[in-house]
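Heads up: the sequence lines are chains F and U, in that order. Each residue of the first sequence is one higher than the one before, starting from 1 at the first, in my numbering. Each residue of the second sequence is one higher than the one before, starting from 1 at the first, in my numbering.
Hints in this document: simulated from the structure, not taken from any laboratory. Where is the CB? At the ideal position from N, CA and C, for every residue including glycine. Errors might be hidden in some of the hints.
Cβ-Cβ distance ranges computed for the label pairs, FRET-style [stated by the list, open to error]: (1) U:Leu28 / F:Glu200: 48 to 58 Å; (2) U:Leu14 / F:Gly204: 29 to 39 Å; (3) F:Arg106 / U:Arg75: 49 to 59 Å; (4) F:Glu184 / U:Gly29: 49 to 59 Å; (5) U:Ala52 / F:His65: 18 to 28 Å; (6) U:Arg37 / F:Lys41: 41 to 51 Å; (7) U:Glu43 / F:Gly10: 21 to 31 Å; (8) F:Glu38 / U:Glu48: 50 to 60 Å.
In silico BS3-like pairs for lysine-lysine, Cα to Cα no more than 30 Å straight-line [stated by the list, open to error]: (9) F:Lys155 / U:Lys31; (10) U:Lys10 / U:Lys40; (11) U:Lys19 / F:Lys109.
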Amino acid sequence: MQVAVIVFPGSNCDRDAAVALERALGKKPLMLWHADTELPKLDLVVLPGGFSYGDYLRTGAMAAHSPIMREVVARAAKGMKVLGICNGFQVLCESQLLPGILLRNRSLKFVCRSVTLRVENNNNDFTRQYQQGQELSLPVAHGDGCYFAEPDTLKQIEDRGQVAFRYIDNPNGASRDIAGIFNEKGNVLGMMPHPERAAETLHGSTDGVALFASVVKALA
Amino acid sequence: MKLRVDIMLKEGVLDPQGKAIGHALGTLGFKGVGEVRVGKTIELEVAETDSAKATAQAKAMAEKLLANQVIEDFRVSVI
Numbered sequence: 001m002q003v004a005v006i007v008f009p010g011s012n013c014d015r016d017a018a019v020a021l022e023r024a025l026g027k028k029p030l031m032l033w034h035a036d037t038e039l040p041k042l043d044l045v046v047l048p049g050g051f052s053y054g055d056y057l058r059t060g061a062m063a064a065h066s067p068i069m070r071e072v073v074a075r076a077a078k079g080m081k082v083l084g085i086c087n088g089f090q091v092l093c094e095s096q097l098l099p100g101i102l103l104r105n106r107s108l109k110f111v112c113r114s115v116t117l118r119v120e121n122n123n124n125d126f127t128r129q130y131q132q133g134q135e136l137s138l139p140v141a142h143g144d145g146c147y148f149a150e151p152d153t154l155k156q157i158e159d160r161g162q163v164a165f166r167y168i169d170n171p172n173g174a175s176r177d178i179a180g181i182f183n184e185k186g187n188v189l190g191m192m193p194h195p196e197r198a199a200e201t202l203h204g205s206t207d208g209v210a211l212f213a214s215v216v217k218a219l220a
Numbered sequence: 001m002k003l004r005v006d007i008m009l010k011e012g013v014l015d016p017q018g019k020a021i022g023h024a025l026g027t028l029g030f031k032g033v034g035e036v037r038v039g040k041t042i043e044l045e046v047a048e049t050d051s052a053k054a055t056a057q058a059k060a061m062a063e064k065l066l067a068n069q070v071i072e073d074f075r076v077s078v079i
C-alpha cells in the first residue's frame, strides 16, 4: 500500500498528517511536492491543512490548479482515495472533486478550538471504524470553514449520504452544520476538523485515530 | 490591452465582511446605509489587441480561475 501527503507552499499540517498516517500504516508515507507532475502508484493521497499559496485569490484556489492536482483529480476519477483536511478540503472544493465551497466564517473570526462532531455516515472506508452517530471531539483551526452549496446541491449530497460529519455546535456557520463530505463515489473525503491533531493522548483527544485506521484497513 | 474583471458574490450568498463594513459605517455616523457587499477587481494585461478576443480570453480566465461560479459572478471590461 502506498500513501502520500502532498506538500504545497504554505502547508503546515503536512508533518502532523504524516505522523498520524505512519502510526496507522506502520511505515512513513511519501511526501510529494506540489510542483511534481508525475505521481507514483498510490492508494491514498492526503491534502494537508495550512495556507497554501498564502490563501491568495480564494482559499485553495491556487493549489487546486497546481501541477500535481491535475494528476490527483485524474486518479481520483479512477478510484484512488483522497483525504483533504482543512485547507485540503478547500483545495478539493476548488478542484471540483467535491461539491460546494468553503466561505469565510460567519463570525469573521478565525476559530481555533475543539469542536464536537457527529458521525453521519460510517458506511464508508474512511469512517467504518466509527459508530454511526458517534460523537467525536476534534480540533478546528480555520478562518474559512463555512461550507456553502446551492440548495439543490445540498439536497443531493444529503440524499446520497455524502455528509460524513456534522457539527453539534457549529463554529463557522456552515450550511446544515456540515463539517465533512464525501464525493458521490465515496473515495474522496474533505473535512474542516483535524483528525491528525487528535491522534495521541497528549493531543487531548484520540478521536482522529479511527479515521486513519479505517482507511488503512480498507486498503490493506 | 488592459482588461478589468470585477468579481462579486452572487445574490443570496452571505457576505459577513460586507455586513461588518456596513455596521462600521453606521458606527461612524453614516446614516441610511443599506446592504454592503464586498467584491474584488483584477486588472489584466494581455498581448491580444482585438478587444472581442481579449474579452473572450479574460472570460475564460475568470471561469477557470479568477472566479468560483458556485458563489461568484464576474464581469469583464476593456480598460
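Holds or violated: 48 to 58 Å for the Cβ distance of Leu28 (chain U) and Glu200 (chain F)?
The hinted range 48 to 58 Å holds for Leu28 (chain U) and Glu200 (chain F), with Cβ atoms some 49 Å apart.
Is it true that the CA of Lys155 (chain F) sits at most 30 Å from the CA of Lys31 (chain U)?
Roughly 40 Å between the alpha carbons, so the hint for Lys155 (chain F) and Lys31 (chain U) is violated.
Supplied distance hint 49 to 59 Å, evaluated on CB atoms of Arg106 (chain F) and Arg75 (chain U)
violated, 27 Å
In this structure, is the beta-carbon distance linking Glu43 (chain U) and Gly10 (chain F) contained in 21 to 31 Å?
holds, 25 Å
Is it true that Leu14 (chain U) and Gly204 (chain F) lie within 29 to 39 Å of each other by Cβ?
Because 32 Å falls inside the window, the suggested range holds.
Please test the hint of 50 to 60 Å on the beta carbon pair from Glu38 (chain F) and Glu48 (chain U).
violated, 33 Å
Does the alpha-carbon distance linking Lys19 (chain U) and Lys109 (chain F) stay inside the 30 Å limit?
holds, 14 Å
I want to verify a distance hint. Is the separation of the beta carbons of Arg37 (chain U) and Lys41 (chain F) within 41 to 51 Å?
holds, 47 Å
Given the hint of 18 to 28 Å, check if Ala52 (chain U) and His65 (chain F) actually sit that far apart at their C-beta atoms.
holds, 26 Å
Just tell me: holds or violated, for the beta carbon distance of Glu184 (chain F) and Gly29 (chain U) against 49 to 59 Å?
holds, 52 Å
Starting from Lys10 (chain U), check that the Cα of Lys40 (chain U) is at most 30 Å away, please.
holds, 13 Å
The structure shown violates the earlier hints numbered 3, 8, 9.
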